[in-house]
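Undergrad: Listed here are the chains, written in short residue letters.
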Amino acid sequence: MIKRALVLLFLFALGTLFVELLLNYTPDTELNQTGRYYAEHSAQDIGTANITTAIIVTYRGLDTLGEVTVLFLTAAIVGVLLGRGNHKGKSLQRKLPPSGELLTTGSYLLVPLILLLGAYVFINGHLTPGGGFQGGAIIASAILLMLLTDPLRHFSHSLIAAVESISGLFFIGIGVLGIFYAGGFLDNRLLPLGELGALFSAGVIPIIYSFIGLKVGAEFSSMLVNLSETEDT
Amino acid sequence: MITIAMVTGFILILMGLYGALTNPNILRMIVSFTIANTGVNIVLVAVGYIQGRTAPILDEAVPVAEAAARIIDPTPQALVLTAIVIGLGVTTLMLTYAYKLYEMKGTLNIAKFSELKW
Amino acid sequence: MIEIMPALTLLFAAAMIGAAFVAIRVKQISIAILAAGLVSLLASVMFLFFAAPDVAMTEAAIGSGLTTFLFFFVLGRVRGDKHD
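Chains as they are written, first to last, in the numbering used here: chain W, 1 to 233; chain Y, 1 to 118; chain E, 1 to 84.
Hints are supplied without guarantee of correctness; some may be wrong.
As the list claims (entries may be wrong) - Not everything, but these chain W residues come out facing chain Y in the computed CB check (under 8 angstroms): (1) Y38; (2) T52; (3) L71; (4) I77; (5) P129.
Said to hold, decoys possible - Pulled from the structure, derived: some chain E residues nowhere near chain W, Cβ distances all over 10 angstroms: (6) S30; (7) V45; (8) F49.
Keep in mind the hints are simulated off the structure, nothing from the lab.
Because the structure is a prediction, the values reported are computed rather than measured.
All C-beta atoms in this analysis are idealised placements derived from N, C-alpha and C, irrespective of residue type, glycine included.
Given only the sequences and the hints, what does the whole structure look like? Please build it.
TA: Following this line, the structure appears as structure tokens:
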């Protein structure tokens, strides 16, 4: 097969490239300039204990805005592509076997706890590992558990869309307020920085990360709901 | 330790690309792409690691004054965090298109999609 | 502590490569999807070894949790595929 030979040739070329990279790679023993700047300045400039959060939300907040936009576009495209098959499939509701006592009862117990954990993770994003994206994914997994318990449950698309748009609007709104009342777009010094390590510290970072968490959770949920609501053709 | 992780990451990238290029089933191609994605993330995290240092989180164990000498580079971590989230978006899009293609043709075998073949 | 970390990393690396091999070679797609999820889960433990708890959380929640279920949702819809 000539195709397989071509594939192997390509992978061999890529592999030699990787070996070359690996042989010439010397691990750092010191932080590079960027890393040292973040390590030395983020505590007093940003006020977060978790430096990764400082980079994601403030130093490179614009990247995060782009990232959230990419997720929004993905959710929108999935909704557009799968939305049409949705209506015609609504009439033939398949008869599904019940999902079992354990799953049903367990989901009543677990869904509120999972939602609580998600909220905890994104509110404490500036202190402990975690943040908006992880918290959003945890919230989406609560929605996923509800979907598994009752696959035919109808989720309100307008509620998901409302949560997503409102949190996105507040995220950008706080960013724009930063231009007028602080150092620039998405600057966190709108509110006092507070004490390092306290829950209400780091300016607006907990607020921004909470909105990111809600937005990401709504986007993942809408992807899951859209993909699970597609009916068999 | 860094070398082990980088070799693993490179092997995963190569395996994922091999799977994506040789499997005829579109769904399996997407599975292979997610494996290659994981490999790239492992290489990036390994680049930021410095032997004997700890995570970039300040607390009693890592006071602010010693931070620059105690923590690893946080920049690749922020980058990989973004990459994982975007990776899920890309995977979801690929899956959606795969489903649409299946709806149109009734198959996921790439050889059956011959409209653009030359 | 310092002696045990490289050995653990090596163990996880071997497990990941094995799982990835299963994922691209096995006949049933459902097993391939689960093996890819396993690669992600092992990768998230490896990120923890490399002092990246943020990344480890993201990979565990998104890479191995949500991605696997998205695959299964789509797999459930394309069951009728006889040509494979």
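Undergrad: If a hint holds in the structure, say so; if it doesn't, say that too.
TA: Status of each hint after checking the structure:
1. Y38: holds (6 angstroms)
2. T52: holds (5 angstroms)
3. L71: holds (5 angstroms)
4. I77: holds (6 angstroms)
5. P129: Constraint on W/P129 satisfied, holds at 7 angstroms.
6. S30: holds (16 angstroms)
7. V45: holds (14 angstroms)
8. F49: Given a closest Cβ separation of 14 angstroms, the condition holds.
This entry satisfies every hint, going by the numbered hints stated previously.
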